[in-house]
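S.K.: Single-letter residue listing:
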Amino acid sequence: KAGVTQTPRYLIKTRGQQVTLSCSPISGHRSVSWYQQTPGQGLQFLFEYFSETQRNKGNFPGRFSGRQFSNSRSEMNVSTLELGDSALYLCASSPPGRVGLFFGSGTQLSVL
Amino acid sequence: AQKVTQAQTEISVVEKEDVTLDCVYETRDTTYYLFWYKQPPSGELVFLIRRNSFDEQNEISGRYSWNFQKSTSSFNFTITASQVVDSAVYFCALSEGGGSNYKLTFGKGTLLTVNP
Numbered sequence: 001k002a003g004v005t006q007t008p009r010y011l012i013k014t015r016g017q018q019v020t021l022s023c024s025p026i027s028g029h030r031s032v033s034w035y036q037q038t039p040g041q042g043l044q045f046l047f048e049y050f051s052e053t054q055r056n057k058g059n060f061p062g063r064f065s066g067r068q069f070s071n072s073r074s075e076m077n078v079s080t081l082e083l084g085d086s087a088l089y090l091c092a093s094s095p096p097g098r099v100g101l102f103f104g105s106g107t108q109l110s111v112l
Numbered sequence: 001a002q003k004v005t006q007a008q009t010e011i012s013v014v015e016k017e018d019v020t021l022d023c024v025y026e027t028r029d030t031t032y033y034l035f036w037y038k039q040p041p042s043g044e045l046v047f048l049i050r051r052n053s054f055d056e057q058n059e060i061s062g063r064y065s066w067n068f069q070k071s072t073s074s075f076n077f078t079i080t081a082s083q084v085v086d087s088a089v090y091f092c093a094l095s096e097g098g099g100s101n102y103k104l105t106f107g108k109g110t111l112l113t114v115n116p
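Just so you know, the sequences run in chain order A and B.
Here my numbering is used: position 27 in the first sequence is 27, and no number is missing along the way.
Here my numbering is used: position 50 in the second sequence is 50, and no number is missing along the way.
No lab work stands behind these hints, which were simulated from the structure alone.
Treat each hint with caution, since some may be false.
Going by beta-carbon spacing under 8 Å, a handful of chain B positions derived as facing chain A [what the hints assert, rightly or not]: (1) PRO40; (2) SER42; (3) ARG50; (4) PHE54; (5) LYS103.
Think of the CB as a built atom: it goes at the ideal place given N, C-alpha and C, for glycine as much as any other residue.
Make a model of the complete structure from these sequences and hints.
M.R.: Shown next, in the form of C-alpha cells:
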C-alpha cells in the first residue's frame, strides 16, 4: 500500500510569491492534516480536512489556506510568502475513526 | 490548553545502552490520545505508538517500551539495547477529545544520537 505522497519535495520561492503544495493520502484515508515544522516553533498544526470540509484549523494567518478534493487529495496554498514561511510542510492522513496519523516526507519550502 | 513537554533536547548514548525519552503532557480533557513519532534525517515522521487515556497498561514492542502514568501525566519511551539506526528525533504528541480530533500538539522533540 502506497504511503502519503507529497509533491514537490523541495521548493524555492521569493517573498511575495504564492505557492501550492500537494498531498495524496493513503488509499482509503479520508482525513488529511497539514503541519508546519520549523527549528524555532517545532511542529505546528495548520488544518485538517475530511470529506472536502475543513474540520479544524490552527493559529495561522489567512495567507495559509487549503482544500480537499473528492478523491481525498489535498492542497495547501500560501499567498504573499514571507521569509518566516520557510519550513518543512508535512501532510498526514488518517483512516476513518482512528486517530493515528501517517505522515508523508514533506515539502521543504525555502523563501528567499 | 494542551501542552507537551520533552525536557531532553539532545541525548547521546553508546550502542547497546538503554535510553529513556521523557514526555510530560498537560490537558484538561479526560479523553485524549498520546503518541510517539520518530523522525529520521529523511524527514518523514514515523508513527510508533498510540495510547488512549483509559489504557494505562505499559506496552512493549521489541526493543521499544512505553510507560504511561496518568498520575504524573507522563508517557515515557525506552529503547533497550540501542542501535545506531535508532538515531533520530523523537516526538511525543497529544490529541485531545475523542477519536474524531485529528489535531496533534507536539513536543519540541528529543534528538537521540547512538554512537557505535
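S.K.: Holds or violated: the hint that B:PHE54 contacts chain A, with Cβ atoms closer than 8 Å.
M.R.: With a closest approach of 14 Å, the B:PHE54 hint is violated.
S.K.: Given a cut of 8 Å on the nearest C-beta pair, is the interface hint for B:SER42 held or broken against chain A?
M.R.: holds, 6 Å
S.K.: At a threshold of 8 Å, is the proposed contact between B:ARG50 and chain A supported by beta-carbon distances?
M.R.: holds, 5 Å
S.K.: Min Cβ distance, B:LYS103 to chain A: is it shorter than 8 Å?
M.R.: holds, 5 Å
S.K.: Answer holds if the nearest beta-carbon of chain A is closer than 8 Å to that of B:PRO40; otherwise answer violated.
M.R.: violated, 10 Å
Checked against the numbered hints given earlier, the structure breaks hints 1 and 4 and satisfies all the rest.
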